[in-house]
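Following the hints, put chain X in place on chain U, whose structure we already have.
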Amino acid sequence: MKKITTLLLFLFTLSYAHAQDIESYTRLQSSGPIPDFFVKFLDEKIADDNDKLREEESITRKNASEFSVITNYRLQQLIQSGKVLYGDPLTNYANGVLDKLKAASDQDLDHIQIYTLKSNEVNAFATHQGVIFITVGLIGQLENEAQLAFILSHELTHVLEKHSQLSYQYSQDLIKKSRYGDGTISDFYQYSRENESEADQAGFELAIKAGYDAEELYNTFRVLLYSYLPIDEQPVDYSQWENESFKIADDYKMDKDRVNDISAEEDVDDEYLTHPNIATRRKGARVFLNNGNSSSSTKKFIYGTPESFENLRTVARFEMLNIFIQRADYVKGLYHSMILLKKHPNNAFLTNGQAMIWYGLSVYETRANYVPYTFSYRKKEGEIQHLYFFLNKLKSEELVTIATQQVWQTSLKNPENEFLKKLRKEVLSEFVSYEENNLNKFATTPANTDSLPKKIADDTKLSKYDKIEKKRKKEDVDGPLYYALLNIINDDNFIKEIDDAQLKNEKKKETDEKVAKANKKPKKSSLDINSIIMTTPNFNEKDDRKSAKATVAKDELTKEKLVGVLEDNANQLGINMSFIDNFKDPNFTTENYNDFSLLNDYLGERLKFDGLDFTPYSAQYTPALTEKYGSQYVGIVGLYTQIERRPFNAAYLLVCAASIYGLPLYFKWQFTKDKSSDYTFAVFNLESNNPSFSNSNFFNGEMSIHLQSAQIYNSLNQITK
Amino acid sequence: MRKIQYTLLTISAILLTLSASAQLVVIKEKNSYYHGKRSSINFNFGLQPTISPKKKDTPSGGFLGLGIYSNSKPELTYKFALNNRAAVFAKGSLIQSSRDILYGTVGNTRETKRPEMKGNTIGFGMSWYHNNKAAMAPMGRNFSAGIMRHKYNVSYTLSNNNPLTSELKYYSLELSYCNNQPITKYLYYQLGFSTSFNTLIVDRLTGDNDGLANALKFQDVEGLAYRDIAVIRVGLGYVL
Chain U
359 MKKITTLLLF LFTLSYAHAQ DIESYTRLQS SGPIPDFFVK FLDEKIADDN
409 DKLREEESIT RKNASEFSVI TNYRLQQLIQ SGKVLYGDPL TNYANGVLDK
459 LKAASDQDLD HIQIYTLKSN EVNAFATHQG VIFITVGLIG QLENEAQLAF
509 ILSHELTHVL EKHSQLSYQY SQDLIKKSRY GDGTISDFYQ YSRENESEAD
559 QAGFELAIKA GYDAEELYNT FRVLLYSYLP IDEQPVDYSQ WENESFKIAD
609 DYKMDKDRVN DISAEEDVDD EYLTHPNIAT RRKGARVFLN NGNSSSSTKK
659 FIYGTPESFE NLRTVARFEM LNIFIQRADY VKGLYHSMIL LKKHPNNAFL
709 TNGQAMIWYG LSVYETRANY VPYTFSYRKK EGEIQHLYFF LNKLKSEELV
759 TIATQQVWQT SLKNPENEFL KKLRKEVLSE FVSYEENNLN KFATTPANTD
809 SLPKKIADDT KLSKYDKIEK KRKKEDVDGP LYYALLNIIN DDNFIKEIDD
859 AQLKNEKKKE TDEKVAKANK KPKKSSLDIN SIIMTTPNFN EKDDRKSAKA
909 TVAKDELTKE KLVGVLEDNA NQLGINMSFI DNFKDPNFTT ENYNDFSLLN
959 DYLGERLKFD GLDFTPYSAQ YTPALTEKYG SQYVGIVGLY TQIERRPFNA
1009 AYLLVCAASI YGLPLYFKWQ FTKDKSSDYT FAVFNLESNN PSFSNSNFFN
1059 GEMSIHLQSA QIYNSLNQIT K
Chain X
1324 MRKIQYTLLT ISAILLTLSA SAQLVVIKEK NSYYHGKRSS INFNFGLQPT
1374 ISPKKKDTPS GGFLGLGIYS NSKPELTYKF ALNNRAAVFA KGSLIQSSRD
1424 ILYGTVGNTR ETKRPEMKGN TIGFGMSWYH NNKAAMAPMG RNFSAGIMRH
1474 KYNVSYTLSN NNPLTSELKY YSLELSYCNN QPITKYLYYQ LGFSTSFNTL
1524 IVDRLTGDND GLANALKFQD VEGLAYRDIA VIRVGLGYVL
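Taken in order, these protein sequences are the chains called U and X. Mapped onto the numbering used here, the consecutive letters of the first sequence carry residue numbers 359 to 1079. Mapped onto the numbering used here, the consecutive letters of the second sequence carry residue numbers 1324 to 1563.
If we strip away everything but chain U, and leave its shape as in the complex, we get (with noise of 0.2 Å):
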């Protein structure tokens, strides 16, 4: 039965690969039933952890306790945050290759699960549970099949030698026995590296038995030590750009002597890294694989097919694209996307993605304070650097006109696409905010170049006056972009879209500033919500004198509490709420998962630029959201309480010791704690894109539930009619 189950798992994973048609790609997400482990009760988790772990001998009994606490809710904070894929291709692919793995493994690894993380880092980690994440960027950088093997390998012998249990129980000890000195810590980090030395080992035994090629594995490394660089390495093409009259001057273009070379080393000081360098890692492979322990097979794939890794991989790399974006990592993204663009070329997704790129680009240089993303080219390495440099150059305003010229090609291409049309629509607003922007600067014909030869051999033979009146005009018109926007100047929509976006830049002005005027008296409330999404409260007490197995059970009760306080206070306002994350709801599926994913890609970039009007790429999907969940406002709730022990105090003492009454009063503020609460409500605009509405209050002291619940049902009420 567990051999037909894992065979049609296999061949479900298999036509799903290749089921994930590139040409109409969106985004990952999760799918089929949510695992078990995704909705647990933390508590139990806890319980039943503590219990395994008090039988091992890897970890004492007092330190067991204290691990399986502070573990299983960094586990669960990781899994609940929406970033944790199941159920994709990526995932699927990785479990098949495990399959593989327990079939050459004697030991028992049943209990073994692997979930895709969306990041672009290159990485891998596993729990003590056996739980095993690998990232979207891993299997973006990955060559084949037998490295991704090698790398569960490694992290499987970290579960399976309890590194982790170890790891903590010789950090106590080492606490114990002495004061935090450097000493100390550096043993810390030896004692780190002899277990991924181990865990290399083991790892390559585990993947050679499991027939794969011992060189390849050996190749892994060379992954890992460029890693952070991106997926290519290809000269920046100008020409997406440009135009028949239209081409990027040679001072926005790097010397190619200038760039700097690959700086990665293999032999780095890793005294104070956890990992030993790629040179002693590889060096203990080549050892290994000397002692008689390398295999004569040359299997470089056993799961799959080259085809289905490579479709595998160019769906993490465009996943990776969408990574970018969200992170506001526009120039790695831009450079991403070109590489991909060529080997795909006119895909949709790509060159929205890149449209997005350049929207954004274009916002955070007009408007933001806080810009997420770098410039600088100076360190920057392989040839990527050109795109910095490039984009260094460009002036604000030149860079908005780029990005007009980007956003329209890519809109005019695609008439339908909605997204696009907005996006358009928006970075003209950008576009007119500037004064140089104006559209009598640029060129609505294409430059005649057969006469340019003509008009300098004519400059001869013009007088001093025309000379001087003839390169002054020249210097009026002719910016280095002036031939930029020939392809969509005379486009019909984009100047009426160009008056629009002045009015609307005019009359935003306008009512800004009888808002301002307004707000000194404000007028009644517009904001008459019935419905509402509702993300779980999020409640975090720091309370110096609990143990961390208390704070947690009290963080995670009062979570559960205010989840019941605001259903209450909705129901008595009138308020339709629904919970988008309540991982505790029995009927909670693989869908509300993907729906919470969503917001929070949406909300994570949307807030990282801290000004208003900002469309974000994940806004294309939210629509879907206010439709199934009839509400187009999100509500955000958090409330944090600190208690502390208040620090000896002598002027105090002192004050109240001059008079012997004063004591008293003095012990009292001595001996209480210092306790403080934080309470906010916000409400997002899925349709605007902006906030909507926030509350927030600063408490000294701590609020029992009833009084958190009255601020709760304060804030629903503030909102209602």
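Any given hint might turn out to be false.
[What the hints assert, rightly or not] Simulated restraints, written as ranges between beta carbons of each label pair:
#	chain 1	residue 1	chain 2	residue 2	range
1	U	Lys862	X	Asn1354	58 to 66 Å
2	U	Asp858	X	Phe1403	34 to 42 Å
3	U	Val729	X	Ile1506	48 to 56 Å
4	U	Glu925	X	Lys1353	17 to 25 Å
5	X	Trp1451	U	Asp857	39 to 47 Å
If you're looking for bench data, these hints aren't it; they were derived computationally from the structure. Ideal Cβ placement from N, Cα and C applies to all residues, glycine included.
Structure of chain X alone, referenced to chain U:
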């Protein structure tokens, strides 16, 4: 991870809202009161030091022989919230206690019994709630100020069975600081402290103690003048 992420999300959402409030929907803060409830009723005991012990047979001397006794005064208060931060209240109490032994001579008899004192207090006032203690009217920490009217009847039966009565009316300004904390959603306990200044203090300074009736009155004034100067309040209330 999620915690940090959410913290950042909420903080940035707030910052965004604050930095850009000029363009947001302008909302006038509506009064929510405590869970939408405006009224509350509260029954509390005022514990106070006094020189008029409540029980008749209290041995003389009191605390450290200073003639100070503890007394309790039951009160019923009705509060009505005007908005989230302020409320008006009306309260009343019935008081029964005994005066200290009355010394004096009527005819040939020296009177050494205790007079009885019965009275009531009614008053009204206003409360203000602390926002920085998560308070929302009519729940939470609050400062109150009120005007009280006190009316006392002191009666004494002379040895010859003739009654001797004296009536007192005075006003006081009562200031209190109380903490109403919920036990269940609507039931709450009250802990607080109050002090009051009354018009009797003026009377006391100007009164004269000729004759027994006057002596009785004078002693009442003396007993009551400082009666409510320090009261600890403990009570239970319900939000209606």
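For each hint, the structure was consulted:
no. : hint                             : result
1   : Lys862/U / Asn1354/X: 58 to 66 Å : 37 Å, violated
2   : Asp858/U / Phe1403/X: 34 to 42 Å : 54 Å, violated
3   : Val729/U / Ile1506/X: 48 to 56 Å : 52 Å, holds
4   : Glu925/U / Lys1353/X: 17 to 25 Å : 21 Å, holds
5   : Trp1451/X / Asp857/U: 39 to 47 Å : 55 Å, violated
Checked against the numbered hints above, the structure breaks hints 1, 2, 5 and satisfies the rest.
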